[in-house]
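**Q** Taken in sequence, the protein lines are chains A and B.
Numbering follows the working numbering, in which position 90 of the first sequence is assigned residue number 90; successive positions increment by one, without gaps.
Numbering follows the working numbering, in which position 174 of the second sequence is assigned residue number 345; successive positions increment by one, without gaps.
By construction, these hints were calculated from the structure, which means they are not laboratory data.
Where a beta carbon is used, it is the ideal one built from N, C-alpha and C, also for glycine.
Please note: incorrect hints may appear among the correct ones.
As the list claims (entries may be wrong) - A few chain A residues facing chain B, derived, Cβ under 7 Å:
#	residue
1	Q83
2	Y149
3	M154
4	G158
5	I167
Unchecked claim - In the SDA-like style, the derived pairs of lysine to any residue whose C-alpha atoms are separated by at most 20 Å in a straight line are:
#	chain 1	residue 1	chain 2	residue 2
6	B	K225	B	T520
7	B	K540	A	P62
8	B	K540	A	S122
9	B	K540	A	A84
10	B	K568	B	I237
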Amino acid sequence: MKSDLSKRNFLAIAVQVPLFLSAVYTSTGLRLAHAMATGVPVLTEHQLATLTRISYLLFPYPMLGIEPYQRAAAIMSDTLVNQADHFSLVVQGISMLDSMGTQPWLDLPENGQLDLLRKIESEAFFQWVLQATKNSLFTRSEVWALIGYEGSSMEFGGYLNHGLNDIDWLD
Amino acid sequence: MSKIFSQNDEGVVVVIGSGAGGGTISRELALAGINVVCLEAGTQVNHIVTDVQKMFPKLTWLDKRIGSGDLSENFPVWSGKNVGGTTLHWTASAPRFPESEFTPTRYFGHLEDCSIVDWPIPYSEMQHYYAIAEKNMGVSGTNGWPKLPPNNNFLVLEAGARKIGLEQVELGNMAINSVSQGGRPACMQLGFCVSGCAINAKWTSANTPIAQALQTDHFELRPESFVLRIEHDDRGRADSVVYADKNGNLQRQKARAVCVAANSIDTPRILLNSDSTRFGSGLANQSGRVGRHYIKHVFGIVTAIMPHPVHFNRGTDNIGIVHDFVAGDPVRGYSGGFKFEQVSFDPTTLSKLARPGAWGSEYAGQLGKYDHFAALLVVGEDPSQATNQVSLHPSEKDQYGMPIPIVHYVDHENSREMRKFALGKARDLYESLGSEDVFFGPPPPATHNMGTCRMAEKIDDGVCDPRGRTFDIPNLFVSDGSQFPSSGTSNPTITIVALAIRQAEHIRDLMGRKEL
Numbered sequence: 001m002k003s004d005l006s007k008r009n010f011l012a013i014a015v016q017v018p019l020f021l022s023a024v025y026t027s028t029g030l031r032l033a034h035a036m037a038t039g040v041p042v043l044t045e046h047q048l049a050t051l052t053r054i055s056y057l058l059f060p061y062p063m064l065g066i067e068p069y070q071r072a073a074a075i076m077s078d079t080l081v082n083q084a085d086h087f088s089l090v091v092q093g094i095s096m097l098d099s100m101g102t103q104p105w106l107d108l109p110e111n112g113q114l115d116l117l118r119k120i121e122s123e124a125f126f127q128w129v130l131q132a133t134k135n136s137l138f139t140r141s142e143v144w145a146l147i148g149y150e151g152s153s154m155e156f157g158g159y160l161n162h163g164l165n166d167i168d169w170l171d
Numbered sequence: 172m173s174k175i176f177s178q179n180d181e182g183v184v185v186v187i188g189s190g191a192g193g194g195t196i197s198r199e200l201a202l203a204g205i206n207v208v209c210l211e212a213g214t215q216v217n218h219i220v221t222d223v224q225k226m227f228p229k230l231t232w233l234d235k236r237i238g239s240g241d242l243s244e245n246f247p248v249w250s251g252k253n254v255g256g257t258t259l260h261w262t263a264s265a266p267r268f269p270e271s272e273f274t275p276t277r278y279f280g281h282l283e284d285c286s287i288v289d290w291p292i293p294y295s296e297m298q299h300y301y302a303i304a305e306k307n308m309g310v311s312g313t314n315g316w317p318k319l320p321p322n323n324n325f326l327v328l329e330a331g332a333r334k335i336g337l338e339q340v341e342l343g344n345m346a347i348n349s350v351s352q353g354g355r356p357a358c359m360q361l362g363f364c365v366s367g368c369a370i371n372a373k374w375t376s377a378n379t380p381i382a383q384a385l386q387t388d389h390f391e392l393r394p395e396s397f398v399l400r401i402e403h404d405d406r407g408r409a410d411s412v413v414y415a416d417k418n419g420n421l422q423r424q425k426a427r428a429v430c431v432a433a434n435s436i437d438t439p440r441i442l443l444n445s446d447s448t449r450f451g452s453g454l455a456n457q458s459g460r461v462g463r464h465y466i467k468h469v470f471g472i473v474t475a476i477m478p479h480p481v482h483f484n485r486g487t488d489n490i491g492i493v494h495d496f497v498a499g500d501p502v503r504g505y506s507g508g509f510k511f512e513q514v515s516f517d518p519t520t521l522s523k524l525a526r527p528g529a530w531g532s533e534y535a536g537q538l539g540k541y542d543h544f545a546a547l548l549v550v551g552e553d554p555s556q557a558t559n560q561v562s563l564h565p566s567e568k569d570q571y572g573m574p575i576p577i578v579h580y581v582d583h584e585n586s587r588e589m590r591k592f593a594l595g596k597a598r599d600l601y602e603s604l605g606s607e608d609v610f611f612g613p614p615p616p617a618t619h620n621m622g623t624c625r626m627a628e629k630i631d632d633g634v635c636d637p638r639g640r641t642f643d644i645p646n647l648f649v650s651d652g653s654q655f656p657s658s659g660t661s662n663p664t665i666t667i668v669a670l671a672i673r674q675a676e677h678i679r680d681l682m683g684r685k686e687l
């Protein structure tokens, strides 16, 4: 039995990372070139790698490989281009993580990384990354396949004749 | 083809909002030959896809609202902003209020800090309008239409309920076609009911009453028209409505009468923002009750990981209902009643609702059993408290210069006790079937929003009379769930529709007698 009734943590549906905005993954090199050309702030390679690792530790599904988590970090980065306040939040959050241990957070062993994440889990930075990771990760088809979500049923005519009430383990 | 009315036409009824209330009253008046201009803040949504996260920003009111008390600060309520209002998002659960819930003073009257009034309408009269509403909406389980079939999530709910000794489990009446009728097809059990319905098997205000009104010569729909205030003449009668068009330019539509149906947050917001020299505290607010008595339901989300697959995403979201606790029993430690209603969630929403703050390998593993989840929603009666209210922010304004609404809500002690009891029973229900884990999520932002311009027998108790006509302004009507005196335990939409049909008859009669 688990129970979570914390309202503070219920950022919920309200915190919608706008996935409908452009979320094209571009390489760090291209990002930096773009940043230099336009003056738009972008995350550094270190910051992207940190977000990628945090995303993985939030919802670790090793069988997915690293790409979905890199993608989550890339979408966060793209979102931050239009959100100056959150950009600062993320940059400062990563900087804070790096200063909390004896070495940069990314260089810590997994247990050390988890310990520090637990220490900052009530921080706005952590909550922002948590919601952004949920928004990104759980909308991916390979995650759906892994966890058993069937997605759209329109293509096969709905569940009316496709397992609507096929449960067979009830008495 | 839609009619176009002049903004200077003083003969039109202006309806604010195109949801269940606004769409229905527009249809009823237009079919009776009364000219109507409907102002809708949102856009027409023409392309519905079976993807919860993609539809969310298209269907949801995301303009700023501030929550306080127990509510989420940045998303206090969940309502729609599109042609059809919240009926694109609604689950289509269409139960009538039971008769006992029209007299809440009988079981809530003793509660401290509450302001309970009964419905000032004979229940027998409401039955007549419920019957019309069910026919107009194509409610399965009525009028000879069969009920929709059970799905796996229902079968789990039913089996668990039986195991713990409950008896009143049923497939609910749904405003979803079980057979093709009304120009709409039969349900294919796609799921995704809360994201619009891709095939229009689900009744929405957009696909039925608004569409029917558009077929008449007496109706103009103006989407992307954001109403800011209602103005009145020297006699104190509403005479025009000011709104921002899609370019942000202010427009003014003359009116013979005004029906406000902007949901229980923006209906009082508009009235409060319509203050004048004559009506210093806002329109229709002589009682001081505009915005007060905000009620929703006593919600609780219960998700459970069952021992074997359920696939709770399959089919109609909200069809299973447990009625055993609708009749209250003070022995349980609270007054009033509640229902269990089955629900399901897509993976993103589940990750936010099951254990909102959780993360890490344990939670990833639990969410990894998505296909094993079953879920239900507790829907309990909320005792009306005057201090739960919608008000205007003293300084913060939106892009049109309209004050941001503040929605304040604190659970009554009775509600906390009710929720505690209900969650315990829900846990028993799932554990009786061998669930691996049961999670209690926090109450979600309410889609059932009511009470903020409530009806009453006399002006001391409410904003509008038993037909939704405001006590202060004889040609101003409240036409949505804002007029509810109490929440009951039922999803409100069909009652909103029934009241709108009844109110339209009243307006027609008043006009026939030259009293409006």
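**Q** A separate judgement is required for each hint: does it hold in the structure or not?
**A** Now the hints, each set against the structure:
1. Q83: With a closest approach of 14 Å, the Q83 (chain A) hint is violated.
2. Y149: holds, 5 Å
3. M154: At about 5 Å, which falls below the 7 Å cut-off, the nearest Cβ of chain B leaves the hint on M154 (chain A) intact, so it holds.
4. G158: At 3 Å from the nearest chain B Cβ, G158 (chain A) passes the 7 Å test, so the hint holds.
5. I167: With a minimum Cβ separation of about 4 Å from chain B (threshold 7 Å), the hint on I167 (chain A) holds.
6. B:K225 x B:T520: Holds: K225 (chain B) and T520 (chain B) sit about 12 Å apart, inside 20 Å.
7. B:K540 x A:P62: Given that 20 Å is the threshold and the Cα spacing comes to 15 Å, the pair holds.
8. B:K540 x A:S122: Outside the cut-off at roughly 26 Å; violated.
9. B:K540 x A:A84: violated, 37 Å
10. B:K568 x B:I237: With a Cα-Cα distance of about 12 Å, the restraint between K568 (chain B) and I237 (chain B) holds, given a limit of 20 Å.
Violated hints for the displayed structure, listed by number in ascending order: 1, 8 and 9.
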